[in-house]
Amino acid sequence: MNALWAHLGVSLRLHFRNKMALLYGYLFPLIFLVAFWVLYRHEKIPLLRHMGELLTVAVLGGACFGLPTTLVGERERGVWRRYRLSPVPTWVFVTSTVLVRYLIILSAGLVQLGAALAIGMTVPAHPLDLWLAFTLVSLAFIGLGLVIATLADNVPAVQALGQCIFLPMLIIGGVAVQLASLPLWAQHVSAFFPGRYAVEALQGCVSGRGFGGVRFSLLALGLVGVAGCLAGAKLFRWDAQQRFAMRSGKLWLIPALAAWAAVGLLAEWRGRIAIAVDAEPPPPKAPALAVPPAPPLPLVIPRDATPPSASPVLPAPAVVSPLVPMPVVAKPALLPLEPVWAKITAKDTAELDYNVPPDHGIVSPMSAPDEEAEDFMKDQVQSVRSKIASWPPGTDGDDLRCIRNLLYVAAVPDAIQMPVERYLPRVVYQHLLDTYPKDKLTKVLTYIVLHPEEGMVVDDISDLGVEGTAGDPLVVRERAYLYAIKFIARLTGRVKE
Amino acid sequence: MPAKVIVQNLHKRYDDFEAVRGVSFAIEEGEIFGLLGPNGAGKTTTVECLIGLREPDSGELEVCGLDARRYPRAVKEKIGVALQSTSLQDKITPREALRLFGSFYSRREEPAVLLERFALVEKADAALDTLSGGQRQRLALALAFVNRPELVFLDEPTTGLDPQARRELHGAIAEMKAAGCTVLFTTHYLDEAEALCDRVAIIDQGRMVATGSPRELMARAAVWPTVTLATSRAVARERWASVVGVSDLWMDASGLTVQFRTEQATATLVGVVALLSASGVDLVDLEVKKASLEDVFLNLTRTRATAAKPARVVGEEGHA
Numbered sequence: 000m001n002a003l004w005a006h007l008g009v010s011l012r013l014h015f016r017n018k019m020a021l022l023y024g025y026l027f028p029l030i031f032l033v034a035f036w037v038l039y040r041h042e043k044i045p046l047l048r049h050m051g052e053l054l055t056v057a058v059l060g061g062a063c064f065g066l067p068t069t070l071v072g073e074r075e076r077g078v079w080r081r082y083r084l085s086p087v088p089t090w091v092f093v094t095s096t097v098l099v100r101y102l103i104i105l106s107a108g109l110v111q112l113g114a115a116l117a118i119g120m121t122v123p124a125h126p127l128d129l130w131l132a133f134t135l136v137s138l139a140f141i142g143l144g145l146v147i148a149t150l151a152d153n154v155p156a157v158q159a160l161g162q163c164i165f166l167p168m169l170i171i172g173g174v175a176v177q178l179a180s181l182p183l184w185a186q187h188v189s190a191f192f193p194g195r196y197a198v199e200a201l202q203g204c205v206s207g208r209g210f211g212g213v214r215f216s217l218l219a220l221g222l223v224g225v226a227g228c229l230a231g232a233k234l235f236r237w238d239a240q241q242r243f244a245m246r247s248g249k250l251w252l253i254p255a256l257a258a259w260a261a262v263g264l265l266a267e268w269r270g271r272i273a274i275a276v277d278a279e280p281p282p283p284k285a286p287a288l289a290v291p292p293a294p295p296l297p298l299v300i301p302r303d304a305t306p307p308s309a310s311p312v313l314p315a316p317a318v319v320s321p322l323v324p325m326p327v328v329a330k331p332a333l334l335p336l337e338p339v340w341a342k343i344t345a346k347d348t349a350e351l352d353y354n355v356p357p358d359h360g361i362v363s364p365m366s367a368p369d370e371e372a373e374d375f376m377k378d379q380v381q382s383v384r385s386k387i388a389s390w391p392p393g394t395d396g397d398d399l400r401c402i403r404n405l406l407y408v409a410a411v412p413d414a415i416q417m418p419v420e421r422y423l424p425r426v427v428y429q430h431l432l433d434t435y436p437k438d439k440l441t442k443v444l445t446y447i448v449l450h451p452e453e454g455m456v457v458d459d460i461s462d463l464g465v466e467g468t469a470g471d472p473l474v475v476r477e478r479a480y481l482y483a484i485k486f487i488a489r490l491t492g493r494v495k496e
Numbered sequence: 000m001p002a003k004v005i006v007q008n009l010h011k012r013y014d015d016f017e018a019v020r021g022v023s024f025a026i027e028e029g030e031i032f033g034l035l036g037p038n039g040a041g042k043t044t045t046v047e048c049l050i051g052l053r054e055p056d057s058g059e060l061e062v063c064g065l066d067a068r069r070y071p072r073a074v075k076e077k078i079g080v081a082l083q084s085t086s087l088q089d090k091i092t093p094r095e096a097l098r099l100f101g102s103f104y105s106r107r108e109e110p111a112v113l114l115e116r117f118a119l120v121e122k123a124d125a126a127l128d129t130l131s132g133g134q135r136q137r138l139a140l141a142l143a144f145v146n147r148p149e150l151v152f153l154d155e156p157t158t159g160l161d162p163q164a165r166r167e168l169h170g171a172i173a174e175m176k177a178a179g180c181t182v183l184f185t186t187h188y189l190d191e192a193e194a195l196c197d198r199v200a201i202i203d204q205g206r207m208v209a210t211g212s213p214r215e216l217m218a219r220a221a222v223w224p225t226v227t228l229a230t231s232r233a234v235a236r237e238r239w240a241s242v243v244g245v246s247d248l249w250m251d252a253s254g255l256t257v258q259f260r261t262e263q264a265t266a267t268l269v270g271v272v273a274l275l276s277a278s279g280v281d282l283v284d285l286e287v288k289k290a291s292l293e294d295v296f297l298n299l300t301r302t303r304a305t306a307a308k309p310a311r312v313v314g315e316e317g318h319a
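These protein sequence lines map, in sequence, to chains A and B. With numbering that gives the first Met the number 0, the residue at position 417 of the first sequence is 416, and numbering never jumps. With numbering that gives the first Met the number 0, the residue at position 273 of the second sequence is 272, and numbering never jumps.
What the hints contain is simulated information worked out from the structure, not anything from laboratory work. For glycine and all other residues, C-beta sits at the position ideal for the given N, C-alpha and C. Hints may be right or wrong, so weigh each one.
[Unchecked claim] Every beta carbon over 10 Å from chain B, so not counted as near; a handful from chain A, in silico:
id, residue
1, His-6
2, Glu-73
3, Arg-80
4, Leu-98
5, Val-176
6, Gly-211
[To be verified] Across the chosen pairs, the derived CB separations fall in these ranges:
id, chain 1, residue 1, chain 2, residue 2, range
7, A, Gln-177, B, Phe-16, 42 to 50 Å
8, A, Gly-248, B, Ala-177, 41 to 49 Å
9, B, Asp-124, A, Leu-127, 38 to 46 Å
10, A, Met-0, B, Glu-109, 19 to 27 Å
11, A, Gly-248, B, Ser-57, 16 to 24 Å
12, A, Leu-3, B, Ala-177, 34 to 42 Å
13, A, Leu-250, B, Gly-211, 43 to 51 Å
14, B, Gly-170, A, Leu-256, 30 to 38 Å
Using the sequences provided together with the hints, build the complete structure.
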């Protein structure tokens, strides 16, 4: 074991002395993050929603380029030939190499996560699960890196092979382009790439249900990783003179390839290929959770049961498109329970982050109280104003659901950038003021901000005379979240009007 | 003394090329043994089979009393190796390298001792890419001693070094000899083999062609001394050829420089003086060089070398 730890220690020290490796390993992944921040600096949820992809890119770079480049470079120099003269068995060096790379990738991931938190991302939902998922993702890609190092006779070959895997994984493998926006054939192909499972596993732990929701992805990553490491260890090449073409034992590549195929076929068999637009993990809980998560209530309390009332707690977000009847309301109603938002305190409201985009910006715009809509939009605004009081999603059900649905009337036009987007929030806000007491409205809105993932998304408000459907339900949720904060700011006097 | 290395009927083939064809030799404890041969002769393959870098096709290899084919790991515990080019990572320091390689063995020497012994103390914490060629090669030697080996393999350790660095390494090897180390040493430089080795083996085309001490080989090969002289005016070739004992006569284009071998050096030199006096030609320069290991080597490997390059051997790349 002395050899393992000594080799691990020296390899780590040498890594941190290599400026190019540091640049590539730490700065390169941060560039993605910074680009993302520049695009969405006012919104916290999108960054969290993409951490799975960002972390996957960091692992991919470190494992599929960093590892084989170092390994093949040292092999070309004769370093490994010299190691081979020692009595240390191969597995010690392979284990040390894998561990070193894992630690390097982990540190890069932590830097990326730390930077994301620093620029305002909310804390991942399941940190421990995230670490374990990250470990499995690293294992999968390190195995792949070992196989690349085996196949490549020199460093340029590493770059070529790495790109052959990296780019398809980014484009049609579900890493850089969301699966939901890919054609079905690409979704089928992506099932054979570990990148898809990496994103699913990491994202599930960042903003989803943790391990519980990503078991298949974790299994797939483990299988791919073990097979890759096994093939990489069995085909390990000490000497640059051992060309791969002349190498015996090439059959050990079969387990590595078979693992990819098996995972894809298993996904096909279990019907895990097609990705519905609503199947993405929900947005996270907002920061500064002053109230405990709502207890799961099995049934919906009708609105007329208030006060007090309870909110439906749905197992997973779903899109209602076009607007369809809400889930079946149980009858008879349960005994009246205290609504989940009732525990919201003034302190919870005060601790919200009010740093939201300005009213005159592109994201979540809102007209001034006395601002008139332009002529060509006046009919739409008037239509909404006249119908909103009787709009079923805004009237049927408990207060929490109704208020959340009403927020979507402001959020949907904003999500799809309709011309009327800045005027409808004002209509909604006024309607809320007219319908609910200020104190209650503040509490409910605060609860929504703290639990943006709950409830169903309304992405179509054509019943109100505004045609258009928002494609991404998560964007609609984000905008509803932002409008909720803006409304609270007005209700509590933080914004004077 | 017990043999530290016994090689019997070693064979190794690469596809259609048989690199080693039945090589056999033994190295006694405390001996510095030179393995000589032109490029492609099979000496590196032989060494690589012994140190576990290659699997022989057939033959018996015993190293430090162990069957090297059955117990390669145990053999590696007992031997030290300095390859022709020991490459390490650019940013590793000699101290780190010695500590790292020391961790590979159950028995190890302290890095500080090796740094002192191989004159690397000043560079102990300097990155490898700041070390000179000689310092790197001394580090390679230090790494070979990191496990206090019973037997050291030095594979062309002086190739590519400048004369100063070569001289430093010769000193280090001489110290090993004084300390009673057993060393297997391959080299292109026959002069250093002659100076450093107790015994040598010459391999050509995968076969062992001679074994013995340099002196024994020179005596056995019956290679005669070489006479080289320069005159003030040219003398006809046939007149030189008529001098007693002259053979293998060679003259340069001007006829002013003459070289030949002689079996009877004294009688031949008397004849040369008589010839020059009779011709009225002055002797400008005269050199009588005894037979060297190089002569034996060339004789045995049937490789032609020009007399104008008396210090060169096959495979050398411009080093004096």
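Quick check: which numbered hints come out false for this structure? 1, 2, 3, 7, 14
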